[in-house]
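Colleague: Below are the chains, spelled out letter by letter.
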Amino acid sequence: MILRRATPLLFLAPALALIAVFRIVPLVEGLYLSLTDWDGFDPPRWVGLHNYERLLSDDVFVGSIVHNLLFLAAIPVWVGLPFLVAALIHRGQPGARAFRIAAFLPPVLPGVAVGVLFTDVLGYHGALNSLLGATGLGALKHSWLAESSTALIAVIAVVIWATFGIGVVIFSGAMSAVSRDLEDAAQIEGSSWWQVQRYVVIPAVRSTLILWTLVVTILSMASLFPFVFVLTNGGPSNKTYVLDFYVYQQAFQNGRLGYAAAGGIVLLAIVFVPLLVIAGALALRRRLVA
Amino acid sequence: MTALAQPLRRPGALGGAVGWVFLLGVAVTAIYPIVILLFTALRPQHAAPTGLGPPDSLDWSNFRDAWDRAQLGRLFPHSLAITAAAVTLLLAVACPAGYALGCLRFPLQRALTLALVALMITPPAVLLAPTVHLLLSLGLMNTYTGLVLVLAGLHVPFAIFLCSAQFSTLPREVLEASRAEGASELRTFATVALPMIRPTLLALAALNVLACWNELLYSVVVLQGEEHRTLMAGIALLSGQYEIPAPVIAAAVTLSSIPVVIVFAFCQRSLVRGLTAGAER
Chain A
10 MILRRATPLL
20 FLAPALALIA
30 VFRIVPLVEG
40 LYLSLTDWDG
50 FDPPRWVGLH
60 NYERLLSDDV
70 FVGSIVHNLL
80 FLAAIPVWVG
90 LPFLVAALIH
100 RGQPGARAFR
110 IAAFLPPVLP
120 GVAVGVLFTD
130 VLGYHGALNS
140 LLGATGLGAL
150 KHSWLAESST
160 ALIAVIAVVI
170 WATFGIGVVI
180 FSGAMSAVSR
190 DLEDAAQIEG
200 SSWWQVQRYV
210 VIPAVRSTLI
220 LWTLVVTILS
230 MASLFPFVFV
240 LTNGGPSNKT
250 YVLDFYVYQQ
260 AFQNGRLGYA
270 AAGGIVLLAI
280 VFVPLLVIAG
290 ALALRRRLVA
Chain B
39 MTALAQPLRR
49 PGALGGAVGW
59 VFLLGVAVTA
69 IYPIVILLFT
79 ALRPQHAAPT
89 GLGPPDSLDW
99 SNFRDAWDRA
109 QLGRLFPHSL
119 AITAAAVTLL
129 LAVACPAGYA
139 LGCLRFPLQR
149 ALTLALVALM
159 ITPPAVLLAP
169 TVHLLLSLGL
179 MNTYTGLVLV
189 LAGLHVPFAI
199 FLCSAQFSTL
209 PREVLEASRA
219 EGASELRTFA
229 TVALPMIRPT
239 LLALAALNVL
249 ACWNELLYSV
259 VVLQGEEHRT
269 LMAGIALLSG
279 QYEIPAPVIA
289 AAVTLSSIPV
299 VIVFAFCQRS
309 LVRGLTAGAE
319 R
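As given, the protein sequences belong to chains A and B, one line each in that order. Here the first sequence is numbered in our numbering, starting from 10 and rising by one per residue. Here the second sequence is numbered in our numbering, starting from 39 and rising by one per residue.
So that you can see chain A by itself, here it is in the shape it has in the complex:
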């Protein structure tokens, strides 16, 4: 009888142990470390909130936060593009699968590969400038990754390139469940393709739209490191610094691990506080409406 009760625990134990040691413990330790000065060799030295003060007065760190938020400004494209692609191919037309595979190839590539790839394409003698020159837009040529005014936009574009395919797949899956009869009925009544999307498809995949928006938000906070590392290393003039790159830089290249831990905690707060506020607001609204 006791064994029966303990069964779930036995099934959960290995996973819980792994998570406890390698996720929970570091989380707690991170809070402690953020209040210390530590170089990785000598014992950590207590400094209280000093790291946080320094973070908030560090232009590069504040700049990182701004740059991360600028990624969020790209959400209309980041969400709209995969949605459009999926909407166009979701009826299973011939060639739809080929498009989906084509879109899904970039996300498979390592971030390092994508970085190297676009370092070439976006270089001054690279493919993009060649294309601009060939189409008579030569005046728009830039050294995209090396100029302060264009570097961040270039990085954002690369990240969208590398991730929109995932959205295409997710939206395709959701749209395949949309009732075809409903779409056909709207069509019979004379709606244009765009109207069908707006009044039938979008409402039906609303939760997927929200999900994907959340996914790209998380991506912008959590997965930029390989791209920034290879494309720009944070430059030019620190214009492409992002939070996870900043944490790495402080920890690894500057040997300030306590400071990096503090940066990590701020990153955690930036991700979770808005989420908790939104979740709380939703729960409150549900209770008021009910």
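Hint data in this document are derived by calculation from the structure and do not stem from the laboratory. A couple of the hints might just be wrong.
[Claimed, not checked] Going by beta-carbon spacing under 7 Å, a handful of chain B positions derived as facing chain A: (1) V59; (2) L61; (3) P134; (4) L157; (5) A167; (6) L239; (7) L240.
[To be verified] Take a look, some chain A residues computed to stay more than 12 Å from chain B by CB distance: (8) W55; (9) D68; (10) V75; (11) L79; (12) V121; (13) N138; (14) E156; (15) L223; (16) L233; (17) S246; (18) K248; (19) V286; (20) R295.
Note that the structure is a prediction, hence the values are computed from the model and not measured. Backbone N, C-alpha and C define an ideal beta-carbon position, used for all residues, glycine too.
For chain A, the structure is supplied; the task is to place chain B on it using the hints.
Modeller: Chain B alone, transformed into the frame defined by chain A:
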């Protein structure tokens, strides 16, 4: 059905010509840069960049050069071993946990689910410094074991989540029948439930192979020093060095991407299913 007043236009007839042009544009934008990477990899090392087109002559020796200079022969096995170990570990640990979450009942079940979601949302960089501290304390810094455990820990929450979602869709009668026959829960899990979610397991394995092979942040931080480095770390550090010609780096990157492209080619349908299943939950 009443007769239609006008012939039914196939609704996503790709939204008409505009839709077609748009899709084609997207497809080209998605694929052509990869083609350019291959062009760069085949370009003679001291030739000028050729912009959009293929190089004037193909230099296959870049691949040999990349292999030697990036020491790919040494780094490939490192990444292979780490990826294989991490994925095996995380699947071994996530399947039973997912089964418990999806098919068994225990207190604080919802709390656990919420905790898993919270873990999935946490950016890996948050734990960078304390993980170094932990690994140092355990003597696992600069060891394969250390990186394997860290990578497994990073990806286990999503794996448990996906498994539990899939397990919970299994018909209860099948599981009850097995229990009624006297099978222990472990038996039921291993011989009845687990085989039924094989597609999900395949998708999960493929997704995690990709994630671990492509990983950079912890690979660079945990395995310092050339003897142990992973493939991605090695190439990323190489790409920062100016003396190495662009074609050689492009060749190195191409070689290092071949395994994940192969996984993609074989598991593409499975990956798609895994992603959409996760999204539905």
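Colleague: Determine for every hint whether it applies to the structure shown.
Modeller: Hints versus structure:
1. A hinted interface residue such as V59 (chain B) counts as satisfied when its beta carbon comes closer than 7 Å to some beta carbon of chain A; here the least separation is about 11 Å, so the hint is violated.
2. With a least beta-carbon distance of about 6 Å to chain A, the hint placing L61 (chain B) at the interface is held under the 7 Å criterion.
3. Using the Cβ-Cβ criterion of 7 Å, the hint placing P134 (chain B) at the interface with chain A is satisfied: the shortest such distance is roughly 4 Å.
4. With a cut of 7 Å, the hint placing L157 (chain B) at the interface with chain A holds, because the nearest CB-to-CB distance is about 6 Å.
5. Below 7 Å, beta-carbon pairs count as interface contacts, and A167 (chain B) has one with chain A at about 4 Å; its hint therefore holds.
6. Checking L239 (chain B) against chain A: minimum C-beta separation of about 15 Å lies over 7 Å; hint violated.
7. With a least beta-carbon distance of about 16 Å to chain A, the hint placing L240 (chain B) at the interface is violated under the 7 Å criterion.
8. W55 (chain A), annotated as away from the interface, keeps every beta carbon of chain B farther than 12 Å; the closest lies near 15 Å.
9. For D68 (chain A), the requirement that its beta carbon stay farther than 12 Å from each beta carbon of chain B is met, with the minimum near 20 Å.
10. V75 (chain A), annotated as away from the interface, keeps every beta carbon of chain B farther than 12 Å; the closest lies near 17 Å.
11. At the 12 Å boundary, the C-beta of L79 (chain A) stays outside the reach of chain B, the nearest C-beta of that chain being 17 Å off.
12. Annotated as non-interface, V121 (chain A) brings its C-beta within 12 Å of a C-beta of chain B; the closest such distance is 5 Å.
13. Annotated as non-interface, N138 (chain A) brings its C-beta within 12 Å of a C-beta of chain B; the closest such distance is 7 Å.
14. No Cβ of chain B comes within 12 Å of the Cβ of E156 (chain A); the nearest lies about 18 Å off, and the non-interface call holds.
15. Taking the minimum C-beta to C-beta distance to chain B, about 8 Å, the non-interface status of L223 (chain A) is violated against the 12 Å cut.
16. L233 (chain A), annotated as away from the interface, has a beta carbon of chain B within 12 Å; the closest lies near 9 Å.
17. Every CB of chain B lies more than 12 Å from the CB of S246 (chain A), the least distance being 18 Å, so the non-interface label holds.
18. Every CB of chain B is more than 12 Å from the CB of K248 (chain A) (nearest about 18 Å), matching its label as outside the interface.
19. Listed as a non-interface residue, V286 (chain A) keeps its Cβ farther than 12 Å from every Cβ of chain B; the least gap is roughly 14 Å.
20. Separation of R295 (chain A) from chain B is adequate, the least Cβ-Cβ distance of about 16 Å exceeding the 12 Å criterion.
The structure is inconsistent with the numbered hints 1, 6, 7, 12, 13, 15 and 16, although it conforms to all the rest.
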